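Sequence lines, in order, name chains X and W. So for the first sequence, the working numbering puts the first residue at 1; every next one is plus one. So for the second sequence, the working numbering puts the first residue at 398; every next one is plus one.
Hints were generated in silico from the structure; no laboratory data involved. Fair warning: this is a prediction, and the values are worked out from it, not measured in the lab. Hints may contain errors.
[Unchecked claim] Ranges of calculated distance between the beta carbons of each label pair, as one might list FRET restraints:
| no. | chain 1 | residue 1 | chain 2 | residue 2 | range |
| --- | --- | --- | --- | --- | --- |
| 1 | W | V456 | X | E351 | 25 to 33 angstroms |
| 2 | X | D140 | W | D613 | 54 to 62 angstroms |
| 3 | X | L386 | W | S509 | 25 to 33 angstroms |
| 4 | X | R169 | W | P551 | 34 to 42 angstroms |
| 5 | X | E231 | W | E626 | 45 to 53 angstroms |
| 6 | X | N158 | W | P661 | 52 to 60 angstroms |
| 7 | X | S295 | W | V456 | 34 to 42 angstroms |
Beta carbons are placed, not taken as given, at the ideal position from N, Cα and C, and that holds for glycine.
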Amino acid sequence: MEKLRNGFLFPEIGKRQVAHMVKYPNAEVISLGVGNTTEPIPSVVTKAMAEYALALSTHEGYRGYGAEQGDKRLRETIAEKMYANMGINGSEVFISDGAQCDIARLQMLFGSNMTIAVQDPTFPGYVDMGIIMGQTGEYDDKLNKYKGIEYLRCEPRNNFFPDFSKVPRTDIIFFCSPNNPTGQAASREQLKELVEVAKLNGSIIVYDSAYSSYICDDSPRSIYEIPGAKEVAIEISSFSKFAGFTGVRLGWAVVPAELSYSGGFPVLRDFDRIVCTSFNGASCISQIGGLACLSDEGFKAIKDVIGVYRENAKIIVDTFASLGKEVYGGVNSPYAWVHFPGRKSWDVFTEILEETHIITVPGCGFGPGGEGFVRVGAFNRRECILEASRRFRSYFG
Amino acid sequence: MGKLQAGYLFPEIARRRAAHLSKNPDAQVISLGIGDTTEPIPDVITNAMAERARALSTVEGYSGYGAEQGEKKLRSAIASTYYKGLGIDESDIFVSDGAKCDISRLQVLFGSGVKIAVQDPSYPAYVDSSVIMGQTGLYDNQRYASIEYMRCDPQNGFFPDLSLISNADVIFFCSPNNPTGSAASREQLTQLVQYAKKTGSIIVYDSAYAMYISDDSPKSIYEIDGAREVAIEISSFSKYAGFTGVRLGWTVVPKELLFSDGFPVAKDFNRIVCTCFNGASNIAQAGGLACLSPEGLKAMQSTINFYKENTQIIMDTFTKLGFNVYGGKNAPYVWVHFPGRSSWDVFAEILEKANVVTTPGSGFGPGGEGFVRVSAFGHRENVLEASRRMSQLYK
C-alpha cells in the first residue's frame, strides 16, 4: 500500500476544484473532468426498478440472496444482445456492481505473481489495483512509472496502438477500447494483432469495453468479434456510461469457457470461486434496471441519451479543432484528447481552471504517455457544454 | 486458488439440494440451510427505494457517482443509530454492498503476509478469502496451514481459550456467532480486546446479527474500553432489513486504529475502497436511510422478532427430542449437537428423509463436526412443517 502515491487522480482534482471555488466563490465552475454522467435515466428503466423495489414488500415479489454470478435472465440477455453471433452464452457472463470492482476481483484472481502490461496512457484503476496486489515495484518519480509494469505507449505517432515488437511478454495485457482517456477505438486489424500477440505469448487480455456503445463506425465493439479471442481474452463492461448507472452500480465480465491457464485449467472456474467468496451479487434492483435497459424500449431510450453525450463530444472536438488545437478521440468516445505540445499537463489543467473555470483532467494522471495532453469529457448538461465551448473559444481564440 | 477446497460452502449445499430435487421432483423441500431471509421488506423502506429510483429520471433527482465511502446522510445515521456514545462518528463509517464484500476488501488491505485467527467453527468467508489472498498454507486434515483455529464449543462456553492460541495479526470474531448462535459477554470481549492490545493484533468484529440479541450482551465491540485502538467492525442490513438481495452493509474503521508503524488503518482502507470499489448502489443506500428512520427501525425490529419466534420454535423442537441445542437466544441460528456423527451424514439424512435443508457443521470448520446449523429464516408455515418432520424423523 505504501507504493500508492498520495492523491489518486480524481480525488486530487477534486481537491483543486474545492480550492479554486474557495478562491473564486462566484465563478461558475464547469466540470469536464471526472466522467460522471449527468443525464437522467430513461423512465422505462427507473419505473422497472421502482416497481421491483415495491414488490420486495410483497410475499410473491420478495427475493433474498441472488446467484453471485447474477440473474440468469440478465446474463442471457447480455449474451444475446451484446455478443450476438460471437458464441458467448449466459453462463460465461458474470454480473457485477461495476467495472472497477471487476478489475479488483480479476486482479485478486491473478494474484501478486503476475506481470501486467497497460496502455500508456490508460485508466489508472488497472495500475492502482496492480500495486495493491503487489504486482509492481517502486514508483519512479522521474519516469512517472511503476517498476515491474510494462507501459504500452499509445500516441498519435503509432495510431494509438502499441508496437508489440518492442515490448517484453507479460502474463496479462489490459486493453481499453474505445480508450479512456485517448478516445481511440482500436480497428479490427489492430485487435487481430493484439489477439495474435496474446496467443503467441500465452498472455490473457483483459479487454475493457465500457465505452463500446459510443462507437459510431465499424470498429469492433467487442474483442470477441476477433476470431480466436475467446481463448485469450476476458472482457469487462459496464452500464455506467451506457445507461447512466454510475450511482446505481451494474456491470459485467465475460470469461469464455475456452479461456484456460497454461496448465489447461479453465479460468472461468477460478473466477467463479472468487465471485462466490468475495462477492454476493449486484443489487437485485440494479439488475432489474439492467434488464429494462436491454429491452427494446429501454435500449432505444438509452441510445438517445448516449446520442446527447456524443453530440456534446462533437461540440468539444469541433471547438478545439476550430481553435487550431490537435484533438483526438471524441468520435467513438465521450472523451476528447487534446494535445498541448511541449507543455506540462498539470500546468495546462491549472491554466484552464484559472482562466476559464473549467475542470479537465491532466493527461499525465493516466501515465507518462499522457504528458502534454488534457482529457476533456462530454459528460455534462448541454448548456454547460455550450458555455464551456464559448469560454474555450474566448480564451484560446 | 489451487489450495481452495471444492466450492464455497453454500453453493455446494445448493448443488446437493438441486440434486435431491431432481431425484425427487415432487418433494416439498424446505430450506433452513443458507441464512436467506424470506420475509418481505417493510413498506417504508421499499417506498424510499422506489422514490429514489424514480427520481433518477429527473434532472433534479439524478445522481451519478457517489462518494465511494457512502452517502453522508447514511454514514451519519449509521453512526448515530448504532454507535451513539461509543466515540465513533460518521467519518469512521464506510458503506458497502455487504459484509462478504467488506471481508475481501479488508483481506486485500491486510495483504498476503498476515496470519489470521478465526473461531472454529465460523463463517467460511474469513478462511476462504484468506486462502485466496495467499495468507495460508495447504489444506490438510480439515485445516489450512498457518491459520489459527480458535476452538469454540460447549465446553468452553463458545469462547476460545486465548492462552492456547499462537499470535495472529488479524483475529476474526463474529458475535452473535454464525453458526453457533453464541453471543460473547462483556467480560469475554474485554478479554479479547486486552489480548489484541497485548499482541498488537487487529480484531475484525462481525456484528451482522447484533440486533438479534435478547439479553445484555454487547451489540458492538466498541462498547468495550480500548476497542477503538484494536478493532474494525463489520455489519450488514441483510439480516435486519431483508437486504440479502438489495446489498448494503458497512465497516467501521476508527481513527484510533493504527498499524504498528503508527499509520492510520482508515487511510489505507479508504484507498482500497476508492480503488477496488465505486460505492454501494444509491438506491440501496436510500433504502438504508429509510431503515434507520424511527419507522424503519420499528419495522426492522418487527421482522427480526418474527425470525426470533421461528428460532424459538426450532429450539423447542430439538430440545423436546432430547438433543443438546445451542444458540438461538441471541441469533437466528440453532446449533444442534449430533455426538459421534458426521455432520455431512446428518445433513444428507435430514435432506433425504425429511426433505429439509440444513447446514453441516463441518462446513464451518473442524470444530463444527458433529453439529448441524438450522437457520430460522423461513415462512412460519415452513418452519412449523420442518419442525413436524424433525419430530417425526428423530422421535
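Verification of the supplied hints:
no. : hint                                  : in the structure
1   : V456(W) - E351(X): 25 to 33 angstroms : holds (31 angstroms)
2   : D140(X) - D613(W): 54 to 62 angstroms : holds (57 angstroms)
3   : L386(X) - S509(W): 25 to 33 angstroms : violated (51 angstroms)
4   : R169(X) - P551(W): 34 to 42 angstroms : violated (57 angstroms)
5   : E231(X) - E626(W): 45 to 53 angstroms : holds (52 angstroms)
6   : N158(X) - P661(W): 52 to 60 angstroms : violated (44 angstroms)
7   : S295(X) - V456(W): 34 to 42 angstroms : violated (24 angstroms)
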